[in-house]
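Enquirer: Given next are the chains, with one letter for each unit.
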Amino acid sequence: MKSFWKNLTTALAAVGLFSAASAAELLNVSYDPTRELYKQVNEVFAAKWKAETGEDLTINQSHGGSGKQARSVIDGLEADVLTLALAYDIDEVGQKTGYFPADWQARLPDNSAPYTSTIVFVVRKGNPFGIKDWGDLTKSGIQVITPNPKTSGGARWNFLAAWAWALKQPGGSEDTAKAYIAELYKHVPVLDTGARGSTTTFAQRGIGDVFLSWENEAHLIQAEFGAGEFEIIVPSVSILAEPPVTLVDSIVDRHGTRAVAEAYLKFLYTPEAQEIVAKNFYRPRDQAVAAKYAAQFPAIPLVTIADFGGWSSAQQKFFADGGVFDQIYQPGQQ
Amino acid sequence: MSAVIRRRPFQTGIGTILFRIVLVLLALAFIGVVIALPLASVFVEAFRKGTDAFLDAVTEHDAWAAIKLTLIVAAIAVPLNLVFGLAAAWSIAKFEFRGKSLLITLIDLPFSVSPVVSGLIYVLLYGAHGWFGAELQAAGIKVVFSVTGIVLATIFVTFPFIARELIPLMQEQGTTEEEAALTLGASGWRTFWNVTLPNVKWGLLYGVLLCNARAMGEFGAVSVVSGHIRGLTNTMPLHVEILYNEYDFVGAFAVASLLAGLALVTLIAKSLLEWRYGGELAASRRH
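Chains A and B supply the protein sequences, listed in that same order. Going by numbering that gives the first Met the number 0, the first residue of the first sequence is number 0, and it counts up by one from there. Going by numbering that gives the first Met the number 0, the first residue of the second sequence is number 0, and it counts up by one from there.
Hints are not guaranteed to be accurate.
[Stated by the list, open to error] List of simulated lysine-lysine pairs, DSS-like, C-alpha gap at most 27 Å: (1) B:Lys48 x A:Lys38; (2) A:Lys49 x A:Lys38; (3) A:Lys131 x A:Lys177; (4) B:Lys67 x A:Lys38; (5) B:Lys141 x A:Lys67; (6) A:Lys149 x A:Lys291; (7) A:Lys95 x B:Lys67.
[As the list claims (entries may be wrong)] If you only want the chain B side, here are some residues facing chain A, beta carbon under 10 Å, derived: (8) Tyr125; (9) His227; (10) Leu231; (11) Ala268; (12) Leu272.
[Claimed, not checked] Covered stretches of chain A, going by a simulated chain B footprint (3 or more residues, C-beta under 8 Å): (13) 55 to 62; (14) 292 to 301.
Rather than coming from a laboratory, the hints here were simulated on the basis of the structure. For every residue, glycine included, the Cβ atom is placed at its ideal position computed from N, Cα and C.
One chain only, chain A, in its complex shape (with noise of 0.2 Å):
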């Protein structure tokens, strides 16, 4: 019998009920396409961590729609740092569960953002439609595919960008720019929760013609699918993507964790770090780094989210309830 509890004990410890005493956990709560770059920042991280401080170190990843991901943390899932697609998100957990300060975004340098991107489009092999800027988007028969701004970060910088477009046009006001959106969204069979959703119906699932894509995840699916298969088409303008990052204080306070959350995320800004993140298609923060990698990120125009007036206004605006995507937003209309 006691065999039998001792068996029991170490298989729950396994899955962990019970985290080993000598060893660091961190919990790290991303979003959709940052799976493959924080497999590797983690793995040079915690060899790092090992070497200075002789602790192992597990960092645990949990990955999906930014804003989704967000409304977990707020009900109870325990990050040591969250790493999501936009700073709205970060504020949603900070003003709703006071895990940590309004200022948070000024506690690490560029914005608390180590990497950029930006918002192109995917298109299939050959480009059949000719496809080259937002306005050709809305042609007759086009399908596009991009998530639900509702819950995706991507989703919300894509919208952003095809409404930066559209008010650069001739004659373009704020009612020119919502009739393109609106449009824009009749072109959509399908909204997924998550970048990563959307990128599998398109690549994967074969559905659509354009892709509006993260840069990296575009990049990601020529590596996976292929070259070929796939071309990258850069519009005119587009935005400015800053994914932020923050230590979550109060978390990091019960776990113990404070000195190795901080030093996790002050090492993506390093050179290394820098390095790892232009390889997966990120654009790097560090000068240096990023005069290195400078040919496989096109010079674009690129409008910022200051352009909207920061977050809180660009999401009240466009994406709360009743905001302009639900006004324009009818399911199943073509």
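Position chain B relative to chain A; hints supplied.
Expert: What follows is chain B alone, placed relative to chain A:
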């Protein structure tokens, strides 16, 4: 059905025979396309890159953790539902009491509730901002986004399987044997153990099989309360989705094939039970 009605329409004409053949072929084609082909494709995909790739995928750290977690969850949920199901079926079938139909309705509830809702109710109750969130946090107990939450959600979803299997069977058998045992001086406990239980053992086993299959295969409810932490709170169905989304198709289908294998074993065991103890089990079908 009486022979008089059956004889006429089916006996004559080559057209009728052709019609029958076409119907049979249609049915077979339908089964092939909807059931057999997808099932076969799971195994084909799983072994696409050979046995070594399959074994690597199944023994990989996160996959192995998912398999262990799934087994542990089933090992907790199924016995609890077994005890509950037996007790509920016994009291419902053998005794009369107030509120009996309410109890039956409650037992059926998880069947009619969407699995997503089954998961969300636990988040609403035990989440950080749920009804009991603050108290649980103060006590340092984690329910949602941990193994506890997954076990709770699984128990909820698989709650009716055993009870629902046993209730009609026990009702069919009536109470005469138990009454005889009691008249002869057996205690209530002994009557249950020596008379009631042996009478329903095959139905019980059948219920356990179904309950276990669902406990291991549940996706929706578990997905809501899991938090999707790799290697910690992913069960096999959740891990399959993650691997698929990471373009690791061999891995996804390798883990999926284990689940499909489980389904096949369940199916074979179920057929064996039906073949061997068909009469007893049929009693529970008639309701």
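Enquirer: Run every hint past the structure and note whether it holds.
Expert: Evaluated hints:
For the given pair, B:Lys48 sits about 23 Å from A:Lys38 by alpha-carbon distance, which is consistent with the 27 Å threshold. A distance of roughly 17 Å separates the Cα atoms of A:Lys49 and A:Lys38; the hinted pair therefore holds under the 27 Å criterion. Under the criterion of a C-alpha separation no larger than 27 Å, the hint pairing A:Lys131 with A:Lys177 is consistent with the structure, at around 21 Å. Of the pairs offered as hints, the one joining B:Lys67 and A:Lys38 holds, with about 22 Å between alpha carbons and a cut-off of 27 Å not exceeded.
A distance of roughly 20 Å separates the Cα atoms of B:Lys141 and A:Lys67; the hinted pair therefore holds under the 27 Å criterion. This hinted pair does not check out: A:Lys149 and A:Lys291 have alpha carbons roughly 36 Å apart, beyond 27 Å. With a CA separation close to 35 Å, the supplied pair A:Lys95 and B:Lys67 exceeds the 27 Å bound. Using the Cβ-Cβ criterion of 10 Å, the hint placing B:Tyr125 at the interface with chain A is satisfied: the shortest such distance is roughly 8 Å.
With a least beta-carbon distance of about 5 Å to chain A, the hint placing B:His227 at the interface is held under the 10 Å criterion. For B:Leu231, the suggested interface contact is upheld, since its CB lies about 5 Å from the closest CB of chain A, less than 10 Å. The interface hint given for B:Ala268 is violated, since its Cβ lies 25 Å from the closest Cβ of chain A, which is over the 10 Å cut-off. The beta carbon of B:Leu272 comes no nearer than 29 Å to any beta carbon in chain A, farther than 10 Å, and the hint placing it at the interface is violated.
Under a criterion of three residues with beta carbons nearer than 8 Å to beta carbons of chain B, the stated coverage of the segment 55 to 62 of chain A is upheld, 4 such residues being counted. For the segment 292 to 301 of chain A, the proposed coverage by chain B is not satisfied: 0 residues have a C-beta within less than 8 Å of a C-beta in that chain, short of the threshold of three.
Violated hints, in rising order: 6, 7, 11, 12 and 14; the structure is consistent with all others.
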